[in-house]
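Model the placement of chain V on the given structure of chain U, informed by the hints.
The primary structure of each chain is shown beneath.
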Amino acid sequence: MMPRSDSNAGDGTVGFSVLVVDDEPNIVLSLEFLMKQAGFDVRVARDGEAALAAMAERRPDVVLLDVMLPKRDGYDVCQTIRANPAWRDVRILMLTARGRDVEREKGLALGADDYITKPFSTRDVVERVRRFQTEGRH
Amino acid sequence: MLLEWTVIGVSFAYLCLLFAIAYYGDKRADQGRSLINNPYVYALSIAVYCTSWTFYGSVGRAASSGIHFLPIYLGPTLMAVVWWIVLRKMVRISKANRITSIADFISSRYGKSQLLGGLVTIIAVIGIMPYISLQLKAVSTTFTVLLSHPNLPVAGQIQSAPILTDTAFWVAVLLAAFSILFGTRHIDASEHHEGMVAAIAFESVVKLVAFVAVGLLVTFGLFGGFGDLFSRAAEDPRLLALLEVGDAGRFGDWIALTLLSMVVIVCLPRQFQVAVVENVDEAHIRKAVWMFPLYLLIINIFVLPIAFAGLIVFPEGDINPDIFVLALPMVKGYEGIALLAFIGGLSAATGMVIVETIALATMVCNDLVMPGLLRVRWLALQSRKDLTRLLLAIRRWTIVIVILLGYLYVRLIGESFALVSIGLVSFCAAAQFAPALIGGIFWRGATQKGAVAGLVVGFGVWLYTLLLPSFARSGWLPESFVTDGIFGIALLRPYELFGLGGLEPVTHSLIWSMMANLGAYVLVSLLTRQSAMERIQAALFVDVFRPSGGQGSSRFWRGTAMLAELKALLARFLGRERTERAFAQYAERRGIDLARQREADPQLVSFAENLLGGTIGAASARVMVATVSKGETIGLQEVMEILDEASQVIAYSHQLEQKSRELEAATAELREANERLKELDRMKDDFISTVTHELRTPLTSIRSFSEILHDNPGLAGGQRQEFLAIIIRESERLTRLINQVLDLAKLEAGSMSWTLERVDPAEVVREAVNATSQLFRDKRIPLEVQLDPAAPILWSDRDRLIQVIINLLSNAVKFCAADRDRVEVRLSRESAGGGVVICVKDTGPGIPFHAQPTIFEKFQQIGDMLTAKPEGTGLGLAICRSIVERLGGRIWVSSRPGSGAEFCFRLPERAPAGAKEGTR
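Taken in sequence, the protein lines are chains U and V. Numbers 1 to 138, taken from the working numbering, label the letters of the first sequence in order. Numbers 1 to 920, taken from the working numbering, label the letters of the second sequence in order.
Same shape as in the complex, but just chain U (with noise of 0.2 Å):
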């Protein structure tokens, strides 16, 4: 247990889960050190069908979900997890190294609570997911 989570356990944060989903193994590290460095609860998917399947073994509170995946790529992804009442609440925050406009667009639209274009401040991807956080417990 690293010393930094002892303030985030004493707020109520363990169980806070989230699901890094991205194809690039360095990236996916990256991410999960930054997660459980902020005392989240990391589950890790490499592919569209695996984060679905992980979904379905376990209900996250955040996915970040890339979005040029192998197999079904964010956007099914993201559509998927909107079409399913149950994952109503699950918030999703969509990065991608398409910094296109319609890109953007197009994944707000499809149900993403949020959106980050990599290459990404660390620092930023956490406070968003904190702001989720918070944000779920009003």
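What the hints contain is simulated information worked out from the structure, not anything from laboratory work. Remember, it's a predicted structure, so these values are computed and weren't measured experimentally.
Quick list of in silico lysine to aspartate or glutamate cross-link-like pairs, EDC-like style, CA-CA up to 20 Å: (1) U:LYS36 with V:GLU707; (2) U:LYS106 with V:ASP685; (3) U:LYS36 with V:GLU722.
Just chain V, lined up with the frame of chain U:
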């Protein structure tokens, strides 16, 4: 038993029906709801070609010479193929020039020559008269046959009756009445005789139905169908012979008759009348092209069966085969069918007589009588107020005279001839028009003198070799004329002129007359010059489809006339009311007010002449208009200039068309190029978007881990090292990607520098293997190298080749499973063409079929969307392909998913010089 009065009653009723149809047709035309304005009526009216000669004579001819009845129908069928070219042109010319007949057509073409018009008319009257009499004879003969039932008259026993009890006479009278009523209603002969055409089309239906009815009865009622009849014929050597063409001479006859009937389908005055003058719409020709041959086919199906049946039923040969059509149903007791057959024959005969006499009457009136009368001073025709009545009277009397002449001919000469021979004699006369007629619309240089010479000579030969011998046969001339030749000169025997023997008289005459006619026509045309008028008309006829053709002859007319005089002239021939109407329409069309004008401009004069031509023929109209106009047509010199100018204008407009076509083509090319550019732009956009994505991905890892390291100075040493290693690896990946993107950009832009030198391919492969050996060791994958010592030394770029092989090797190792798969690189000499093939083969997962065609495209990494993302930029293979192709080779992949992949490339011994774009 058919009573005389039954037959007469039915015939009379039939003729009354014809009158009714013609009356109705004319009434509808007056109301502006034309009955004949459709292609079916047009095609049926052309079937007036099938006269009683077809109806009775075909069977007669088939009974004596077998399938030799066919050429008469093959010819028109062949000709129909080119109708769209020939007939349509004649129709267009006739409409533009208000042509009234074939005589008018030929006269107008050769400078509105009165001489030619008269000549054609005389030939037509003399040549066609026997044909008309043939029809009258057919009616009276068959009438007698029908009444003599059940005792059929034996051939040669039919006696001429006194005139007043002769059926032929009364038929002639009735037909004259019909022709006058429906053929001379309008003074304008170029207008359509709609009632007449409707009646003719109806008659074509009747004769077809009647003949097919007899055919069906004979074939299926009296015999057991076609098979039965033909097998019986096959047993009888006499009948069997009818199915053969015969020796070479018979082939000559066959060809001659086919050619003959090809030309007469437009040259017979009545065919010209229905096909050209009466044509309502050029588009109808398109349908007639197949409908008319179809009609001929149907009416000929039963000819041979009826002929066979007749020969079988009357084996004695005492019944004239010409009446088999009638005799067969009669002796077997089918009186109704026999009566129907008689009506069919009657319709075939009357149709022909009606159209032919109307056509001949128009010609005689316009091209023979009118020009003559206009010359006779004491008649003072030019000063008479109203000539319309006179014109109509002339035409009506001509009809009466023509028909009565035909009747006279039948009384005097007809008895001695079979139906068929008379018909062919007429055909041969009509064929004399063909060179002047058809040559005139395609050959600009044909002159009036040429046409006259051809007609005179051809007609002369026809007279000598066909008509005079027929007189001799009838006893008007001594028999020795035929047997010994004129004055006893054997060389001049009319049936064996200049020793040309062994042919049927018609074939013989056709060969000589056509040779003489064509020869004189061409030769004299070449030797003589055209007058100004001829040149104008020739241009108008031959170039009728040219854009300027519609403008008419006003281009050549410089003369003017006093408007009042011109009007008065027209009123005399056309009537005051019609003249006023025509002038009013003209004024409206050109948007001018004639009331204010005293002088008629050249265009109006030309219009008036054209209008007048529709009534009295082009040649007479020309003469009449000249009497009131000042200033003749322009001289030859000027005509030449105008024609030159016209051809220059045409050439210029051709150039313009050409230019506009080129412009269109250029526009299309531009549009295409633009599309291509857009496509390229879109591709570039995609490329940049993809490159951006590929650049951002390693950058993301680098930034993340840098920030993590920065924010967590107290990270454990091991983890710190791990993260730093990731940063380094991703930086390398970034560098590699940037290099490859630049490489590819250079390759595609053609700005890559190439060094061509002597290259040992084995050394190149070894170099690449060394460079990648660490990769193989890391994954413990064996690499087998096979080098063919016979591989030739290449002239190529060494470094680029190494780059390609390294790319392929590292690709292979990337997809191979550690410890399990193996890779093989092979260099071999290419047997064909010289050069080498280098292959890199692995035992990895292979490439799905759908991905193989695009595997060499940029960013087409397999695994995308399907498996975990492979390492690499997705540019390696694209670079390989660019390099190999630039060095003059080709790269390809073969793979079965699940059992590995093999990438190969072939290189020529010498890279193309174009690849050498600068040296290092």
